[in-house]
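S.K.: Residue numbers (my numbering), protein chains in the order written: chain A, 175 to 463; chain B, 18 to 335.
Hints are supplied without guarantee of correctness; some may be wrong.
[To be verified] In silico DSSO-like cross-links for lysine-lysine, where the CA-CA straight-line distance does not exceed 27 Å:
#1 LYS206(A) to LYS333(A)
#2 LYS317(B) to LYS254(A)
#3 LYS117(B) to LYS450(A)
[Unchecked claim] Per label pair, the in silico range of CB-to-CB distance:
#4 LEU27(B) to SER264(A): 29 to 37 Å
#5 ALA26(B) to SER264(A): 29 to 37 Å
#6 MET153(B) to ASP359(A): 45 to 53 Å
#7 TYR389(A) to SER173(B): 29 to 37 Å
#8 ASP359(A) to LEU288(B): 37 to 45 Å
Derived from the structure by calculation, the hints contain no laboratory data. Even for Gly, the Cβ is constructed at its ideal location relative to N, Cα and C.
What follows is the residue order along each chain.
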Amino acid sequence: MVFIQYVINGLIIGGAYALIGIGLTLILGIMKVVNFAHGEMYMLGAYFLFTFFSKMGIYFLLSMALAILAVMAIGWVFEKGILKPLRRRSIDTVMLSMIGLSLFMQNIAMLIWTPVPESIQSPLPMTTYTLGGLYFLPQRILVICAALLLVLLTHLLLKRTKVGKAMRATFQDLEAASLMGIKIDRIYSFTFVLGAGLAAASGVLLGPIFTVHPYIGNLANLKAFVIVIIGGLGSFWGAVTAGLLLGVFESLGAAYVSSGYQDAVGFILLILILIKRPTGLFGKVGQMR
Amino acid sequence: MRRTSATAALCLAGAMVYPIFFADPYFLHMAILMGIYALLAVSLNLLLGYTGQLSLGHAAFFGVGAYLSSLFHLHLGVPLWGGMVLAVCGAGVLGFFVAKLAFKLRGAYFVIMTIGIAEVVKLVALNWVDLTKGPMGLTDIAAPQLSFGFITIDFSQKVPYYYLILLCVVLAAVLQHRLVNSTLGRSFIAIRENEDLAESVGIDCYKYLVIVMVVSSSISGIAGSLYAHYVSFIDPGVFAFFISVNAVMMAIGGGQGTQAGPILGAILFTLIPEWLRVFGDARMAVYALIVIFIVIFMPKGMLYSLAQIIQGKKNDGR
Chain A
175 MVFIQYVING LIIGGAYALI GIGLTLILGI MKVVNFAHGE MYMLGAYFLF TFFSKMGIYF
235 LLSMALAILA VMAIGWVFEK GILKPLRRRS IDTVMLSMIG LSLFMQNIAM LIWTPVPESI
295 QSPLPMTTYT LGGLYFLPQR ILVICAALLL VLLTHLLLKR TKVGKAMRAT FQDLEAASLM
355 GIKIDRIYSF TFVLGAGLAA ASGVLLGPIF TVHPYIGNLA NLKAFVIVII GGLGSFWGAV
415 TAGLLLGVFE SLGAAYVSSG YQDAVGFILL ILILIKRPTG LFGKVGQMR
Chain B
18 MRRTSATAAL CLAGAMVYPI FFADPYFLHM AILMGIYALL AVSLNLLLGY TGQLSLGHAA
78 FFGVGAYLSS LFHLHLGVPL WGGMVLAVCG AGVLGFFVAK LAFKLRGAYF VIMTIGIAEV
138 VKLVALNWVD LTKGPMGLTD IAAPQLSFGF ITIDFSQKVP YYYLILLCVV LAAVLQHRLV
198 NSTLGRSFIA IRENEDLAES VGIDCYKYLV IVMVVSSSIS GIAGSLYAHY VSFIDPGVFA
258 FFISVNAVMM AIGGGQGTQA GPILGAILFT LIPEWLRVFG DARMAVYALI VIFIVIFMPK
318 GMLYSLAQII QGKKNDGR
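So here's chain B without its partners, still in its complex pose:
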């Protein structure tokens, strides 16, 4: 436990000084993307890693966070920070209804349901042209500012934005930590291990699954909102199925059901597509092969496999 906190503190310290050593805009850009994906992966990890429910529709919450955050500001003139908070609430509310509906099902049916809902939300964003400008997307999404009377932090700059993202990732990690180590978290794990048994000892599985979905979708909403204000342009591509798949891969590749896993996964899966640029047009095909490889040979994640290799044990998979 002590070693874990020491490692976490070391990683945080490393992340704090990162912009000093990597001031290059490209490295900052990558780090910001990693942070946004880390939020998404953490949110998915709560659901998949701790309650065992696989959602392939998290792009819906990511996209709703991005769109609402932009729309509140662009259309209604809500102050940026307020809009961001409202967007996160919106994603959470959507998560609530999705959970109410989809958790009547389990397994593959649940997965299809989440994809289906995400697809419907995407079609709304595509077709409600008056509001969302359809496929043209929303442009000129401003970055927030923070004013302390005499000093103003302008988050349109990469370095301040990096720290904003870092703050959010740390908060999400802390939330995850607190949640997992609470009675609630133990109920989640009980549901993952054996739902019938959990139900028999008095855990209201449906209720707990709805709770975890609301938390998870809100975090995804934060990721979406931060993404929108960072890139300042969004189109219905933020609802892409690929984003959902990527989030799942980050959670699994890093190590589902562990606290550091999804963050590690987010870092790796942001870097891998960059490294694969050497393959040119075949890049995504190679990426897909890596995805298959990880799913088959490292089902418990890279963290686990690495530990196994270091300890010299044979990885027997699952």
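Same shape as in the complex, but just chain A:
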């Protein structure tokens, strides 16, 4: 029973991991941008929730939505201001610029919110619900429900809408898509803003569970990359599966091995998987470089 509890706890955190992973896999797959500032969107999401909800006292769910929208706006500014002028530059140049940007945002966050870790007190009741011997906290139920909802919405967006179709076309073949009249620039902006929003959603959901400090983006970013690589580049369901998997393995690793090594689980998983399958679990050969 305890084992199942750990698995469920892992799935809940994994749901939020899936969100940040989807965002990164879309940006990397469609825009070919190795976005090292992705974790900072997660960090900003959590901090905006802290400001809107804990400081300004705006209604919790509204604060969440506002935080995500604010990060999306920031994502849009970065896309237009930094990524657009760098479209034709090498992938390494863009990657290093994003590392610089991530460093910049961390330090700005430190100036605004100080390096002291903050915690967001969820307004949801702290009483646990029991169901068949398993325990559920309302905040965690919110996390998994919201994460599943957002995954589903993103899936529908990609599959059912025109912009989603254009995104998939751009992922498959940039030139052909552009010849068919797809405005690549707009698709890129849309992708980046969507990715930033998903990372922010992840931060907003996990913010009340973990503490918030200016450097949480680092680890979040690395985990997002682990998810993208395990899931296979550009693979939507790969990212979802890898996110959930990472959450579960972390939870089990913390419970049965050592909580200190919880954050190493993802990398060890990654190393083991890459030895056997360099293209990730769901990736196809030829997507690697």
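Go by the hints and put chain B onto chain A.
M.R.: Below, chain B without anything else, positioned relative to chain A:
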């Protein structure tokens, strides 16, 4: 070629007499840090500049060099110099395994792999409390001594340490020079320019990449070991991602794929954060902006950009 060697000799002479003119402990301290970073930048340059593989995990080798060097002495009582040599070997061995694993991948995936491995090593240093004292770090790391019977050089003093570092930087630069101008070095460059083509003319890319990683990680290990014995206190902060980023910035900012570039980069990027102290708390944010600026506008490094400006040519970037 002759002018280059003359310039190198002049720079070396300048470095030799530096402590005479800048005896102030602060200037010596800065120079020692520059030297340590120069080793790190040279090590990264071999990998990034000559084979084109970007590693953002070199803090792992730096940290392992620092920790092993201290631990061999503190726990096992190995003589300091011996411990330092063993630490460098340890970093090299780690580099070997990292290379074996990570060079199955290229590009962004390789980068993530190096970061991931560095992160795992950091977590080991944080959590293996019995050995490393975890977040508390290791204290009282002694500085080595050198005894010639009647005269003893005490490297806990800044001036002798400065010369020790200088010696190591010169050796690393010479090693880099010899390596780059050998058949091996030409293979490295071939891999950088076009790996498939290199493979087609009979270069075993995987093998050569492993070799360069071992050399590179060993040099980073030396840097780490020298750092530990200089500051006499280390904690898991020596594995920080920022150190890896800084090393990359030094190699790129100075000029990757050139021999003098990383050393120049190390000097500049040690000084810049000091100059930025006027910005107070915003210092690192400004530093980040400079990093972005250099990456975007000087992708071939300051050395190259300066030469371009002097020659009056337009820098078309890459």
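S.K.: Please go over all the hints and tell whether each is borne out by the structure.
M.R.: Each hint, compared with the structure:
{"no.": "1", "hint": "LYS206(A) to LYS333(A)", "result": "holds, 21 Å"}
{"no.": "2", "hint": "LYS317(B) to LYS254(A)", "result": "holds, 25 Å"}
{"no.": "3", "hint": "LYS117(B) to LYS450(A)", "result": "holds, 14 Å"}
{"no.": "4", "hint": "LEU27(B) to SER264(A): 29 to 37 Å", "result": "holds, 35 Å"}
{"no.": "5", "hint": "ALA26(B) to SER264(A): 29 to 37 Å", "result": "holds, 36 Å"}
{"no.": "6", "hint": "MET153(B) to ASP359(A): 45 to 53 Å", "result": "holds, 52 Å"}
{"no.": "7", "hint": "TYR389(A) to SER173(B): 29 to 37 Å", "result": "holds, 34 Å"}
{"no.": "8", "hint": "ASP359(A) to LEU288(B): 37 to 45 Å", "result": "holds, 40 Å"}
Against the hints set out earlier in the document, no violation occurs for any number.
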